[in-house]
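A.B. asks: Heads up: the protein sequence lines correspond to chains W and F, in order.
Counted from 1, the first sequence has number 215 at position 215 by the working numbering; the numbering is strictly sequential.
Counted from 1, the second sequence has number 133 at position 133 by the working numbering; the numbering is strictly sequential.
Bear in mind the hints are in silico, worked out from the structure with no lab data behind them.
Take these hints with a grain of salt, some might be off.
What the hints assert, rightly or not - Taking lysine to aspartate or glutamate pairs in the EDC-like style, the calculated list, with each CA pair at most 16 Å apart, reads:
#1 W:Lys-252 to W:Asp-262
#2 W:Lys-33 to F:Asp-408
#3 F:Lys-240 to F:Asp-262
#4 W:Lys-297 to F:Asp-419
#5 F:Lys-240 to F:Glu-188
#6 W:Lys-172 to F:Glu-163
#7 W:Lys-33 to W:Asp-269
Unchecked claim - Here are a few chain F residues that sit away from chain W, every Cβ distance over 12 Å (derived from the structure):
#8 Gly-60
#9 Ala-115
#10 Asp-195
#11 Thr-198
#12 Val-382
C-beta atoms are modelled at their ideal positions from N, C-alpha and C, and glycine is treated no differently.
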Amino acid sequence: MRVNPNIAPDVLAAIYATQQQQDTALQELSSGKRVNVPSDDPLSSSLMVGNQDQSSRTDQYLQNIDTLMSQMQTADTALGSIVTALNQAISLGVEGANGTVSSSQKQQLAQNLLGIQAQVVQLANIEVGGVFLFGGTASTTTPYVLDSTSASGVQYNGNQGVNTVEIADGLKVQTNLAGDQLFQNASGDVFGSLQQLITALQTGTSSDAATATNAVRDALNGITGSRIFYGNIENQLNSTQTFLNQEQVNLKSQENTLIGADIAKAATDLTQATTAHNAALAAAAKILPTSLLDYLK
Amino acid sequence: MPGLNTSMNIAVQALLAEQGALNVTTNNIANVNTPGYSREMAVLQEAPTVIDGGNNYGMGVTLQEFQSVRDQMLQLRLYEENGQQGNAQAQLNSLNQIQSYFADPTKGVGGALTAFFNSLSQLSTNPTDTSTRQQVLLAANNLANAFHASADALQNLQSSLDEAVPQTVTQINSLTTQIAALNAQVAEMQGLGHDPGTTQDRRDQLVLQLSQLVNVSVTQTDHGINITTANGVPLVVSGKSFDLQSGTASGGLQGVYSQGQDITSQLQGGQLGGTLQVRDTVVPDMLGQLDTLASQLATTFNTAHQAGFDLNGNPGGNFFTPLAAVAGAATSFSVAISDPALVAASSDGSAGSNGNVVQLLAIKDQKLPVGFTPVGAYANFVLTVGNYGSNAQANLTASTASLQQLTDQRNAVSGVSIDEESTNMIQFQRAYEAAARVITTVNSMMQTLINIGVTG
């Protein structure tokens with residue numbers, strides 16, 4: 001049987017093929033990537049788009065959490081200070097409700113309470129980067145201003161709107177409580193009770209002062225209850241942060257599975273390809289120059 | 001009755017025949033590396049015998065002809081496979097030019113989409129902040145640029161492929177002209193009963209080149225070969241070639257015509273077919289996906305944007321410029337607003353509300369009418385790009401292997417073997433030596449005969 005006498009193209013093809021394997025293995029090793037263009041593995045390349053999107057989103061969620069965390073902490077701290085102020089107001093009220101205090105002492109107490117009222121208004125107007133935390137979604141206008149014509153002594157310029165922010169896929173947290181819900185709700189009215197106490201001390205009887213002090217106490221309980229809201233969000237932010245950090249690790253490992261080179265395998269491939277390449281070269285060197293002419297004299 | 005002169009004549013014929021055979025060997029060796037060369041054989045035949053006195057005397061050898069050794073069936077398979085390889089190669093070459101645009105998932109449209117939605121996510125934590133709003137517009141413009149760059153890359157590929165069409169048509173015409181001329185010579189030689197030999201080799205080699213460019217169907221006739229495209233458009237009939245023409249077709253792209261007929265869509269094999277396929281099917285498919293994504297994203301986003309209120313409390317307008325048509329949407333995709341205050345973040349009209357940002361942000365996880373989320377649609381686009389590339393790669397690998405095998409088979413039949421030629425050379429040399437020795441011997445016998453007369 002006649003065989004193909006011109007083996008040079010086949011030998012070259014074999015050499016190219018093993019060289020190609022070597023190049024591929026070497027490229028995988030040096031770049032650490034198995035997939036360099038979409039055609040290397042269309043599905044993995046496509047999944048990588050989702051992976052990178054998810055990874056980048058996760059970064060953004062973590063950034064959101066940082067931003068929110070500082071807002072929540074500021075809000076919580078402000079509420080803590082309000083609690084302290086109200087406790088002070090209560091002890092002043094208790095003092096004023098005592099029948100033995102003189103009228104001038106009452107006026108003195110009322111003066112102190114006016115100071116507390118101003119302090120609480122200031123705390124309720126706390127802002128972060130120009131954003132008022134307790135004004136609902138009307139966060140660019142100062143929520144509370146002192147207003148002597150109002151029964152509560154203040155005027156609320158905010159609204160009832162609340163914002164939600166996504167901190168993980170599908171997980172949204174409410175990021176604010178509107179001021180009037182926080183300070184003027186069913187369990188008590190912070191500003192109303194303070195104003196009530198001030199009026200009672202200025203013009204009312206001891207029992208008026210006692211009633212007003214109790215109202216401040218109720219309002220204090222209300223605020224303490226509302227602080228739980230912020231505490232809960234902080235907890236949720238913390239646990240989500242942990243989850244997202246883990247998610248980042250998972251996504252990185254998924255990325256590695258999708259397009260990363262299996263270094264051990266690539267190294268083995270390189271060794272094998274090198275062996276095959278050497279064998280092809282050796283075979284070529286042995287076969288190509290040989291012909292009958294070598295043996296004819 | 002044969003005499004010494006007869007022997008002398010037979011020996012001389014033998015010398016001539018072996019010399020002729022050696023010529024074939026020499027020519028074979030000379031062409032050992034010539035592409036498409038089919039080895040030739042010297043066809044030796046016994047000379048007509050002479051009957052004399054009841055005896056049948058052999059009258060030596062004649063060199064009948066030189067014959068090329070070839071397998072026409074293999075040749076036809078080679079044309080076919082060559083066409084497929086040309087097709088796959090053309091597709092892969094062009095796809096490789098654009099693949100790198102879509103290789104890095106953090107860049108391009110995918111990365112820009114992610115960055116855009118992230119900027120909205122950032123805005124949701126601080127909806128009144130002007131610099132954050134500015135970031136949203138910046139990210140939206142980056143997204144628009146990414147759409148433009150991707151569409152540009154695809155359109156540039158399309159136009160460079162378009163430019164290649166007339167060039168390929170010119171190459172085809174030049175080949176068919178040469179083939180037709182050689183075909184006439186081959187037919188003429190065959191008509192005279194000669195083996196067309198090297199003329200046919202040259203013709204077949206040109207047909208092989210032609211089959212790389214366009215898939216051809218070759219039929220053997222009494223007047224040489226007829227070549228048509230796979231769909232029967234004539235290219236060469238006997239000694240006549242039919243030129244293809246290229247010209248601007250209705251879509252603004254180059255069409256291919258044969259005798260006034262538009263045959264562009266019929267050309268599917270070969271380099272030309274591959275080029276046309278990428279230009280007319282693959283690139284439009286990719287562009288279509290980008291356009292659909294751009295168009296549906298703009299529409300969906302605008303609808304949601306209009307439901308909100310901007311920083312001044314006015315109802316939101318269009319965020320992206322409304323796109324008139326899906327076709328070309330990726331190219332004309334642009335951001336409609338430049339004032340960061342006009343981003344409709346609020347759902348209740350108050351500046352600090354982020355309710356509408358949440359709605360806008362939700363689009364990232366919503367399926368567009370096309371059936372994918374925005375990033376999902378881009379991922380599907382990358383899958384399409386990758387699949388076209390890997391299919392072309394697989395086809396190329398398969399047809400290259402197949403072509404190599406066929407070439408091996410062809411060479412097994414028609415290739416020149418140095419070993420074989422060396423053996424033949426020795427054979428012919430020995431026969432020549434022997435015939436020459438016969439002449440010496442006969443000469444000596446004649447001398448003897450003449451000397452009888454002299455001495456006797």
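A.B. asks: If a hint holds in the structure, say so; if it doesn't, say that too.
C.D. replies: Taking the hints in turn, this is what the structure says about them:
1. W:Lys-252 to W:Asp-262: holds, 15 Å
2. W:Lys-33 to F:Asp-408: violated, 37 Å
3. F:Lys-240 to F:Asp-262: Violated. F:Lys-240 to F:Asp-262 sits at ~21 Å, over the 16 Å cutoff.
4. W:Lys-297 to F:Asp-419: holds, 14 Å
5. F:Lys-240 to F:Glu-188: Given pair F:Lys-240, F:Glu-188 holds - Cα atoms ~14 Å apart, limit 16 Å.
6. W:Lys-172 to F:Glu-163: violated, 54 Å
7. W:Lys-33 to W:Asp-269: holds, 14 Å
8. Gly-60: holds, 28 Å
9. Ala-115: violated, 7 Å
10. Asp-195: The claim stands: F:Asp-195 keeps its Cβ more than 12 Å from every Cβ of chain W (closest is about 19 Å).
11. Thr-198: holds, 18 Å
12. Val-382: Answer for F:Val-382: violated, closest chain W Cβ roughly 5 Å.
In this structure, the hints that do not hold are numbers 2, 3, 6, 9, 12, in rising order.
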